[in-house]
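Asks: Build out the structure end to end from the sequences listed, making use of the hints.
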Amino acid sequence: MTAAETHRAIDAVWRLESARIIAGLARLTGDLSLAEDLAQDALVAALSQWPGSGIPPSPGAWLMSTARHRAIDRLRRDERLRRNLGQLGHELQAKQQAAVFDGPADTEAALDAGEVQDDLLRLMFVACHPVLSAEARVALTLRLLGGLTTDEIARAYLATEPTIAQRIVRAKRALARKQIPFEVPAAGERAARLASVLEAIYLIFNEGYTATAGPDWARPELCYEALRLGRMLAELSPDEPEVHGLVALMEIQSSRLRARAGPAGQPIPLLEQNRGRWDRLLIRRGFAALLRAERLGQPPGPYVVQAAIAVCHAQAASAADTDWPRIAALYQTLAAVAPGPVAELNRAVAVAMAYGPARGLELADALAGQPELRRYHLLPSVRGDLLAKLGRPAEAQAEFARAAGLTRNEQERAVLLRRAAECGGQP
Amino acid sequence: MRFLMTTTAGDPPDEEMMTDMGKFVEELTRAGVLLATGGLDPVGTRVTASGGQVTLTDGPFAEAKEAIISFALVDVRSRDEAIELAKRFWQIARTGEGAIQQVYGPE
Chain A
2 MTAAETHRAI DAVWRLESAR IIAGLARLTG DLSLAEDLAQ DALVAALSQW PGSGIPPSPG
62 AWLMSTARHR AIDRLRRDER LRRNLGQLGH ELQAKQQAAV FDGPADTEAA LDAGEVQDDL
122 LRLMFVACHP VLSAEARVAL TLRLLGGLTT DEIARAYLAT EPTIAQRIVR AKRALARKQI
182 PFEVPAAGER AARLASVLEA IYLIFNEGYT ATAGPDWARP ELCYEALRLG RMLAELSPDE
242 PEVHGLVALM EIQSSRLRAR AGPAGQPIPL LEQNRGRWDR LLIRRGFAAL LRAERLGQPP
302 GPYVVQAAIA VCHAQAASAA DTDWPRIAAL YQTLAAVAPG PVAELNRAVA VAMAYGPARG
362 LELADALAGQ PELRRYHLLP SVRGDLLAKL GRPAEAQAEF ARAAGLTRNE QERAVLLRRA
422 AECGGQP
Chain B
1268 MRFLMTTTAG DPPDEEMMTD MGKFVEELTR AGVLLATGGL DPVGTRVTAS GGQVTLTDGP
1328 FAEAKEAIIS FALVDVRSRD EAIELAKRFW QIARTGEGAI QQVYGPE
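Just so you know, the protein sequences line up as chains A and B, in that order. Our numbering applies: residue 2 is where the first sequence begins, and numbers increase by one. Our numbering applies: residue 1268 is where the second sequence begins, and numbers increase by one.
Hints listed in this document are in silico derivations from the structure and should not be mistaken for laboratory results. Nothing here was measured: the structure is a model prediction, and the numbers come from that model. Possibly wrong hints are sitting among the right ones.
Claimed, not checked - Sample of chain A residues at the chain B side, in silico, Cβ under 8 Å:
id : residue
1  : Arg9
2  : Ala10
3  : Asp12
4  : Ala13
5  : Val14
6  : Arg16
7  : Leu17
8  : Pro58
9  : Arg232
10 : Met233
11 : Glu236
12 : Leu282
13 : Arg285
As the list claims (entries may be wrong) - Taking lysine to aspartate or glutamate pairs in the EDC-like style, the calculated list, with each CA pair at most 16 Å apart, reads:
id : chain 1 : residue 1 : chain 2 : residue 2
14 : B       : Lys1354   : B       : Glu1364
15 : B       : Lys1290   : A       : Glu236
16 : B       : Lys1354   : A       : Asp12
Just so it is clear, CB atoms sit at the ideal spot from N, CA and C, and this is done for glycine as well.
Replies: Here's what the structure looks like:
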């Protein structure tokens, strides 16, 4: 194996294993930054040793035990660190201490599979703690749970590497300063904390699904990363309907990734997509995830309702077969569980499809004064569409032009400008 | 990206191998990596077509060496990750033969 091949193999091992390693170390040391440093040290050791010695048979276990040895060294050497851990209220329980100090050097025996799962869940809750801003949660999640490098995150978000590096450092400092324990939240806090995790995952997904800026309409790799995180979370907390709802929503939206961009990367609206290009495997997984959510028998939350809407579209063999009255009703439910102008705008679209553009336009017009939608390009875009359908091209043209001026996505802007031009072409 | 991993030859599994493989499959499912997996009936029916004319032949076949015994469809971020998973699979399965092929489709 050449050195380059070994490095690529190490890279793959790291992506597959780093979350588990960091999560395990965070529990042992109670310190997220230290855990990540120790894991990185182990990676550096692998990069220097494996090209000569060959890749060990269980590379993940090798990385974990190397990092654990370094943790022991650090704890023995650093009185202050031990004291700090004490001050943080963290107790290295006897069992865990035994695992660190006396544990078998080269096996994962000290960490059974259940424990690893618990560690990953703790890591997810801490990385998405509500004391962090949404963008900090996103960066930390991609870094710690996705195993992405700072550079990869920066490229995905069209940011510079120092910006992302700083965001991650600040986030870790904030967690340390606020003494956020490495724990799964208690029952009373759990719903709010889970919402914070789900929000971060869905933000990653959405940034991939419709890039907020830049030349590409979508960056599918971010969608797949969010999907992977969601599927992982679904196995870690199987009793949470909203987790399955989010997974269902992302599976079904991902199923359209191939169909929703034309050859030049231009967006193709849902109703114009070639449904033969939808990914049936992901659709089926989406159905299954929604069923899992519904079987838990709780009143539907916002992700479950949105997944149900996505399922409606996925079930329609053609755009004309779409059950619009049902979708309009689901948007009404969504407005009740998660009121917001964006959901209301989507309801306007569904109502227009079910009961005619005039009814839809009424709802859309009622949103005109909403401060949250003031710079949201989809409001004028929807109004433009409805006005065009109602045979009011001049007004429609103005709306499309306004929408084009508001979006930062270049592909979307091109479509909106074309639609504006088409309105102008009519007498 | 998706990869189809297949085996065309391998030791018959003993109990320990079954247990380890069970754990491995569970772990990959939990990580959202494993999309589908299964074993294939060695008998099967061969289909050959010539100019749209279909001929069916019942197995087993003389060239059974090429026949797929089991498969796993995985969702990973790179070919290297797929290779890493295949290495782990063969550490459990120990002796045999198989292939890793990218599946074109969703991306």
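Asks: Taking each numbered hint in turn, which are not upheld by the structure, reported in ascending numerical order?
Replies: Number 13 only.
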